[in-house]
Amino acid sequence: MVASGLLEELRDFHRRYNREKVAENRQDYQHGIFQSIGFKEFHEYLISEGNCSPETSALLLEKGIQALKQVTKRYARRQNKWVRNRFLKRPGPNVPPVYGLEVSDLQRWDEDVLKPALEIVQSFIQGREPPAEPLRMEHDEKENKRSHRVCELCDRLIIGTGMAGRHREGERAPGTGNGQVGHREGRRAPGDREWAKEPGGDRRASGTGMGR
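Note that full-length UniProt numbering numbers the sequence shown so that position 21 is 21, with each residue one more than the last.
Just so you know, these hints were derived from the structure itself, not from any lab. Note that beta-carbon positions come from the ideal geometry of N, C-alpha and C, so glycine has one too. Mixed in with the good hints there might be a few duds.
[Unchecked claim] Pair by pair, the computed Cβ-Cβ distance ranges are:
id, residue 1, residue 2, range
1, F124, R15, 41 to 47 angstroms
2, A3, P54, 18 to 24 angstroms
3, Y75, L135, 33 to 39 angstroms
4, D105, R16, 37 to 43 angstroms
5, E55, E138, 48 to 54 angstroms
6, D105, Q79, 15 to 21 angstroms
7, I125, D105, 49 to 55 angstroms
8, Q126, R77, 30 to 36 angstroms
9, R108, K81, 23 to 29 angstroms
[To be verified] Using 27 angstroms as the maximum straight-line C-alpha spacing, the simulated DSSO-like pairs for lysine-lysine come out as follows:
id, residue 1, residue 2
10, K40, K81
11, K73, K40
12, K63, K89
Working from the sequences, and respecting the hints, build out all of it.
Shown next as structure tokens:
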């Protein structure tokens with residue numbers, strides 16, 4: 001970013017817009033364009049440029065560069081986390097395929113990042129299969145959050161197969177004894193052939209996914 005002209009862009013913006021705000025102590029890095037990466041990190045360098053020794057200016061410049069690197073790393077981690085949670089952990093027809101690229105070696109950026117990315121984009125534009133395999137979904141394939149059953153022992157609506165398993169193995173059914181787990185295998189109520197049945201009436205679900 002620095003080599004591509006970031007400092008000149010920041011200097012130009014500071015001369016045309018930010019200098020007046022700094023003089024009036026009205027700069028705000030929480031709103032508008034000031035939230036962009038670079039403005040806050042180089043603030044000390046910009047306001048002191050030309051008003052301090054070359055040594056001090058160089059130190060402030062290096063301080064801004066290091067701060068820029070740190071905030072860029074944090075931003076990249078947040079982006080990766082958002083993509084993973086939004087696309088890899090939410091299966092469904094509206095989730096697009098996500099492709100991973102090897103970005104650790106900057107010397108091989110064109111070979112490992114630019115070229116594969118362009119090939120994937122071109123394949124979608126041309127309506128053909130991409131040359132790379134998409135990342136595998138990270139969700140639990142055994143979990144079905146749309147399923148719903150009613151526990152015959154405690155008359156609760158159980159939403160999701162994961163919640164159903166936890167309820168069956170760990171919840172105490174009312175009326176099965178003091179502290180006794182009535183949902184485990186071998187402890188069903190007499191005459192209860194199945195642990196759960198499909199809901200047939202009006203049921204209410206609580207915040208935990210179980211209704212009374």
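Assuming the hint says 49 to 55 angstroms, is it satisfied by the Cβ distance from I125 to D105 or not?
Given about 28 angstroms between the Cβ atoms, the range is violated.
For a C-alpha distance cap of 27 angstroms, please report whether K73 and K40 respect it.
holds (16 angstroms)
Between R108 and K81, does the beta-carbon spacing fit 23 to 29 angstroms?
holds (25 angstroms)
Could you say whether the range 48 to 54 angstroms given as a hint is met by the Cβ separation of E55 and E138?
With a Cβ separation near 50 angstroms, E55 and E138 satisfy 48 to 54 angstroms, so the hint holds.
Taking 15 to 21 angstroms as the hint, is the beta-carbon distance of D105 and Q79 inside that range?
holds (20 angstroms)
Indicate whether the distance between the beta carbons of F124 and R15 respects the range 41 to 47 angstroms.
Holds, since F124 and R15 (Cβ atoms, about 43 angstroms apart) stay within the stated range.
K63 and K89 were given as a pair; does the straight-line alpha-carbon distance stay at or below 27 angstroms?
violated (38 angstroms)
Please test the hint of 33 to 39 angstroms on the beta carbon pair from Y75 and L135.
The hinted range 33 to 39 angstroms is violated for Y75 and L135, with Cβ atoms some 21 angstroms apart.
Regarding the pair K40 and K81, is the alpha-carbon distance no greater than 27 angstroms?
holds (24 angstroms)
For the pair A3 and P54, does the Cβ-Cβ distance stay inside 18 to 24 angstroms?
holds (21 angstroms)
Between the beta carbons of D105 and R16, is the distance compatible with 37 to 43 angstroms?
holds (39 angstroms)
Given a hinted range of 30 to 36 angstroms, is it respected by the beta-carbon distance of Q126 and R77?
holds (34 angstroms)
Checked against the numbered hints above, the structure violates hints 3, 7 and 12; every other hint is satisfied.
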